[in-house]
Structure formats: structure tokens, C-alpha cells
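There are 2 protein chains.
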Amino acid sequence: VIRAIIFDLDDTLFPSTSFTETARKEAVKAMIQSGLKANFEEAIKKLKEIIKEKGSNYQQHFNELVKYFNKKEDPRIIFKGVMTYHNIKTSLLRPNPKVIETLFYLSRRFKLFLLTDGLYAKQWDKIVRLGLDLFFNEDNTFISEKIGFKKPDLRLFKELLNKNNLKGEECIFVGDRIEKDLIPAKKLNMITVRILKGKYSKDKDDERVVDYKIKEIDELLDLDIIKDL
Amino acid sequence: VIRAIIFDLDDTLFPSTSFTETARKEAVKAMIQSGLKANFEEAIKKLKEIIKEKGSNYQQHFNELVKYFNKKEDPRIIFKGVMTYHNIKTSLLRPNPKVIETLFYLSRRFKLFLLTDGLYAKQWDKIVRLGLDLFFNEDNTFISEKIGFKKPDLRLFKELLNKNNLKGEECIFVGDRIEKDLIPAKKLNMITVRILKGKYSKDKDDERVVDYKIKEIDELLDLDIIKDL
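The listed protein sequences correspond, in order, to chains A and B. Under my numbering, the first residue of the first sequence carries the number 719, and numbering increases by one thereafter. Under my numbering, the first residue of the second sequence carries the number 719, and numbering increases by one thereafter.
Just chain A, same shape as in the assembly (with noise of 0.2 Å):
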């Protein structure tokens, strides 16, 4: 019988790649106007090294970037990149009506739970400006910072289901990467879903760890295993 469903954050809830990309895009837009001696093309291209260089939770990609093309570092760049990437991130970062819809009718017949990799005040601060407060709180929310460890560490995803008294085979899991979310998932007995969203829905599928693949959050709803319970 099933009982919950799991859900990762972003590019599973929230279309994370397209939003950040928007924001970054709008930031290098920015910074050149103000002075960042590069087109947009290659900034964007050196932006992107950076990025993978350093990882997302780096805090000082924009001065990367004005270092490598002015020289020296330019505060007046600088900050008019990262207050661009924040307005629009911001902005973009509102409650989605098909997902909180979707999520309501789930919640009438199943626990829900996030299982999300990232800084737990990064992770929360999306959470509230999403409107998915409504359902989910400090009880059923498991952010890898505060749990200790990262996908794929099995011990995180054990975490959630002993801590609810949960077996891996009463639990549905629902996310976007098959390294991270599915194959751990899977290896646990759960029924695993894939959502084909952000960077990595172009990844090669692996049918041993895929039992479902959807593109939006509410094809959920329709899926047989949700639908005739």
C-alpha cells in the first residue's frame, strides 16, 4: 500500500534551471551595461565555468567575472549583477497554481515529504516564496545540510523513512536526476517518477530505476498507481 510521496525541490516543483538561467542571463545583461568589458555571449559562456568550477553555493561568481574580463575587481559591477540575479529570482519565484492544486489532492489521500540537496536557509527561503509552506514544515522537509548528508547517500533518504515509521515500498518518490533521486530510491524498493525537467532531462534513461516519466508535476494525478488507489 502506498503511503507517501516523496518529492525533491527544485527542477521537480519549481523549473530551477530555466529560473536560474533567466536570472543569470538578465545579471551578465546588467553587468555589461555597467561596465563589464565582454559580450554577452562569452560572459555568459565564462559565467557558466565559474559556475561549474566553483559550484552553485559559491558566493562570488560575479566577481569572478569581472575579474577575469576587467582585471580587476569592480564592486559597481559586481552588486548590479547580484542585485539583477536576486530581483529577478525574486520574481520569478511565486506560487505555482498546477502545483499547489496538485499538491492539495495528493495531500487529501497521501503524507507528502521534500527530500532536497542544498543550504537549509537557500532551500527554505524557495519553500516559503513558492507558497509550499502549505505543505510541507520542519516535520516532513529533509534539506541535506541539516540531515548531514547528500543524495545519492542512502542514509538521507533512510532518515525520512525511519523517522516516519515509512518502508522504501510504501513510498512513491518523485524527482528530476537518476544518479541523485531515482537510483537511491529505487535501491530502497520505492515506486520512483521521473520528471523530465531542467538540465538533466536530456540524461539517458535507465528503465531498471524508472518506473514513471512525466513532464508536468500534474500528470501525477493520472499516473495508474496514483489513480486507483
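To be clear, the hints were calculated from the coordinates, so they are not data collected in a lab. C-beta: ideal position from N, C-alpha, C; glycine also. There could be a bad hint or two in this list.
Stated by the list, open to error - Below, computed lysine-lysine pairings styled on BS3-like, alpha-carbon distance capped at 25 Å:
| id | chain 1 | residue 1 | chain 2 | residue 2 |
| --- | --- | --- | --- | --- |
| 1 | A | Lys770 | A | Lys898 |
| 2 | B | Lys840 | A | Lys840 |
| 3 | A | Lys789 | B | Lys864 |
| 4 | B | Lys917 | A | Lys864 |
| 5 | A | Lys864 | B | Lys789 |
| 6 | B | Lys840 | A | Lys807 |
| 7 | B | Lys789 | A | Lys881 |
| 8 | A | Lys840 | B | Lys772 |
| 9 | B | Lys840 | A | Lys747 |
| 10 | B | Lys881 | A | Lys785 |
| 11 | A | Lys881 | B | Lys790 |
| 12 | B | Lys840 | A | Lys772 |
| 13 | A | Lys933 | A | Lys905 |
| 14 | B | Lys840 | A | Lys829 |
| 15 | A | Lys840 | B | Lys747 |
| 16 | A | Lys840 | B | Lys789 |
| 17 | B | Lys816 | B | Lys917 |
| 18 | A | Lys917 | A | Lys881 |
| 19 | A | Lys763 | A | Lys747 |
| 20 | A | Lys864 | B | Lys772 |
| 21 | B | Lys747 | A | Lys785 |
| 22 | B | Lys829 | A | Lys790 |
| 23 | B | Lys772 | A | Lys789 |
| 24 | A | Lys840 | B | Lys807 |
| 25 | B | Lys881 | A | Lys790 |
| 26 | A | Lys864 | B | Lys785 |
| 27 | B | Lys864 | A | Lys785 |
| 28 | B | Lys840 | A | Lys789 |
| 29 | A | Lys905 | A | Lys766 |
| 30 | A | Lys904 | A | Lys945 |
| 31 | B | Lys743 | A | Lys840 |
| 32 | B | Lys790 | A | Lys840 |
| 33 | A | Lys790 | B | Lys864 |
| 34 | A | Lys807 | B | Lys807 |
| 35 | A | Lys816 | A | Lys868 |
| 36 | B | Lys747 | A | Lys807 |
Stated by the list, open to error - Footprint (simulated), chain A over chain B, 3 or more residues, beta carbon under 8 Å:
| id | region |
| --- | --- |
| 37 | 792-803 |
| 38 | 839-849 |
| 39 | 925-931 |
Fit chain B to the given chain A structure using the hints.
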């Protein structure tokens, strides 16, 4: 001969106290709506105590507030407060035409400098949002975190003078705080202007260190020392 005007930032070039109080009040209201077990007055009182105890750059004011009244941390309430605080602050930190115009006139006759206590990233975020990056760049902006000394440490003020081959008597200092701005400025023989803004505007005056008093920044243009030059 007066060659330079040095400005403090918070409560000199923008009403920091007023913006912060507005943002805190709205944050507390949002937190109460989300389940903070307190009434508005007691929540504001407790928040002020926490800020006084931990300092204004401490990151966990709202966590402590929720823990105090609800006996446990609740991220839904905490981050509703954090989000509201930042939304309000961001909306208020906009260019002020009167300040921009005043600085524009002054910049035609004097070198302008900014000398401010605070975190580098936080101060630069404010400078850019306020549009003050029209006048201030890395070279004429001195931020305590970057320099390594805080007001009223004279070494912070001397760093500015030495880097720009200026003598104290060639400078006007404009700030809101007697202890942190005007006493050290006067020790270095600067002409001092006290701006009566924010929570320190009611502090007792000290004629030994305060040469001029103004309420709004554009009154600078009417001071004999500036007008007659």
C-alpha cells in the same frame, strides 16, 4: 581649502533606521499571521532585545524570536519573516532624487568619499540599490570590513586621507553619529556636519566636535563653508 567631502552611509545618505523599522514591523506581522504565538507589541519588543544582544549583522534574529515564543524553531514562520523583511527592504532601497541631485552638485566641486562601517557585500548591495554607484566606486569607498578597522578607529579615517594625499583640514565629514563619525573626524581636524537622522538624532549635541547641523542632505548646499567656495 576644502577639497573633499566624506559621507557616512546609513542614516546619512538614506534613512536606514526608518527603513529597517518598517521592514521589521512588516516581518513581525507576517510571522504572527503564520503562527508566531505573540502579539505585535511583545514580538517587536523581544526582537529589539535580540538585535541589541546579538548585533545587527547576526543572521538568526527571527529564528531566536520564533524559538522564544513558540518553544521550537518553525522554518515556515522564520522564513516568512525573512522573506517579508527582504521584500520590504528591497522595495525601499531606491534612488532618492534629492540625494542624487545634491551629490551631483557637490561632485562638480569636491572629491566625494564614502566611509562606512559594515560588511562589504551588504554595504555595496545598498550602494547599488540606492543608485549611489553613480558617485562611489571601489577607489572612493571605504568599508570597515574591507579596511580592517571600525569607526571610531582613526586608522580607518587615516587610510582614506593617506591613500588620497588629503589632510584632515581639507575635508568635510558628514555623518549622523557623534561618537563614531564626528569625534574621530574632528580629531583629524576635519570640518564636521552632523545630520539629524535616525535613532541617534536625539543624542545630546557636542559643540566641541560638531561644526554644523542639518536635517536633510540638500541643506549642505546652503552651508556657508560650501556655498562661499
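Here is what the structure says about each hint:
1. A C-alpha spacing of about 18 Å is found between A:Lys770 and A:Lys898, which places the hinted pair at or below 25 Å, so the restraint holds.
2. Distance hint between B:Lys840 and A:Lys840 is fulfilled; the C-alpha atoms sit about 17 Å from each other, no more than 25 Å.
3. A distance of roughly 19 Å separates the Cα atoms of A:Lys789 and B:Lys864; the hinted pair therefore holds under the 25 Å criterion.
4. Between B:Lys917 and A:Lys864 the CA atoms are separated by roughly 38 Å; this puts the pair beyond 25 Å, and the hint is violated.
5. Simply put, A:Lys864 and B:Lys789 have alpha-carbon atoms about 19 Å apart, close enough for the 25 Å limit, and the pair holds.
6. Note on B:Lys840 and A:Lys807: the hinted pairing holds, with a Cα-Cα distance of about 18 Å set against a maximum of 25 Å.
7. Distance hint between B:Lys789 and A:Lys881 is fulfilled; the C-alpha atoms sit about 21 Å from each other, no more than 25 Å.
8. Distance check on the hinted pair: A:Lys840 and B:Lys772 sit about 22 Å apart at the alpha-carbon level, within 25 Å; holds.
9. With a CA separation close to 22 Å, the supplied pair B:Lys840 and A:Lys747 stays within the 25 Å bound.
10. Between the alpha carbons of B:Lys881 and A:Lys785 the distance comes to roughly 22 Å, so the proposed pair stays at or under 25 Å and holds.
11. Of the pairs offered as hints, the one joining A:Lys881 and B:Lys790 holds, with about 18 Å between alpha carbons and a cut-off of 25 Å not exceeded.
12. Of the pairs offered as hints, the one joining B:Lys840 and A:Lys772 holds, with about 22 Å between alpha carbons and a cut-off of 25 Å not exceeded.
13. As the CA atoms of A:Lys933 and A:Lys905 are separated by approximately 23 Å, the hinted pair is consistent with the 25 Å bound.
14. Restraint check for B:Lys840 and A:Lys829: the C-alpha separation of about 40 Å exceeds 25 Å, so the hint is violated.
15. Under the criterion of a C-alpha separation no larger than 25 Å, the hint pairing A:Lys840 with B:Lys747 is consistent with the structure, at around 22 Å.
16. Taking the CA atoms of A:Lys840 and B:Lys789, the gap is about 23 Å. The hint holds against a cut of 25 Å.
17. Annotation: proposed proximity of B:Lys816 to B:Lys917 holds, straight-line Cα distance about 21 Å (limit 25 Å).
18. As the CA atoms of A:Lys917 and A:Lys881 are separated by approximately 32 Å, the hinted pair breaks the 25 Å bound.
19. For the hint pairing A:Lys763 with A:Lys747, the CA-to-CA distance comes to about 13 Å; that is within 25 Å, so the pair holds.
20. Of the supplied pair hints, the one linking A:Lys864 and B:Lys772 holds, its CA atoms being roughly 23 Å apart against a limit of 25 Å.
21. Proposed proximity of B:Lys747 and A:Lys785 is contradicted: the alpha carbons are some 42 Å apart, above 25 Å.
22. Of the supplied pair hints, the one linking B:Lys829 and A:Lys790 holds, its CA atoms being roughly 22 Å apart against a limit of 25 Å.
23. The straight-line distance between the Cα atoms of B:Lys772 and A:Lys789 is roughly 39 Å, outside the 25 Å bound, and the hint therefore fails.
24. For the hint linking A:Lys840 to B:Lys807, the alpha-carbon distance of about 18 Å falls within 25 Å, and the restraint holds.
25. About 18 Å separates the Cα atoms of B:Lys881 and A:Lys790, which keeps this hinted pair within 25 Å; it holds.
26. At most 25 Å may separate the alpha-carbon atoms for a hinted pair to count; A:Lys864 and B:Lys785 meet this at roughly 17 Å.
27. For the proposed pair B:Lys864 and A:Lys785, the alpha carbon gap of about 17 Å is at most 25 Å, so the pair holds.
28. Between the alpha carbons of B:Lys840 and A:Lys789 the distance comes to roughly 23 Å, so the proposed pair stays at or under 25 Å and holds.
29. For the given pair, A:Lys905 sits about 33 Å from A:Lys766 by alpha-carbon distance, which is inconsistent with the 25 Å threshold.
30. Of the supplied pair hints, the one linking A:Lys904 and A:Lys945 holds, its CA atoms being roughly 21 Å apart against a limit of 25 Å.
31. This hinted pair checks out: B:Lys743 and A:Lys840 have alpha carbons roughly 23 Å apart, not beyond 25 Å.
32. Taking the CA atoms of B:Lys790 and A:Lys840, the gap is about 20 Å. The hint holds against a cut of 25 Å.
33. The suggested pairing of A:Lys790 with B:Lys864 holds, with an alpha-carbon distance near 16 Å, which does not exceed 25 Å.
34. Simply put, A:Lys807 and B:Lys807 have alpha-carbon atoms about 16 Å apart, close enough for the 25 Å limit, and the pair holds.
35. Pair hint A:Lys816 plus A:Lys868 does not hold up; C-alpha atoms about 29 Å apart against a cutoff of 25 Å.
36. Between B:Lys747 and A:Lys807 the CA atoms are separated by roughly 24 Å; this keeps the pair inside 25 Å, and the hint holds.
37. Only when three residues or more bring their CB closer than 8 Å to a CB of chain A does the claim for the region 792-803 of chain B stand; here the count is 8, and the claim holds.
38. Residues of the region 839-849 of chain B with a Cβ under 8 Å from some Cβ of chain A number 6, which satisfies the need for three, so the listed coverage holds.
39. Three residues within the 8 Å Cβ limit are the bar, and the region 925-931 of chain B against chain A gives 0, so the coverage statement is violated.
Checked against the numbered hints given earlier, the structure breaks hints 4, 14, 18, 21, 23, 29, 35 and 39 and satisfies all the rest.
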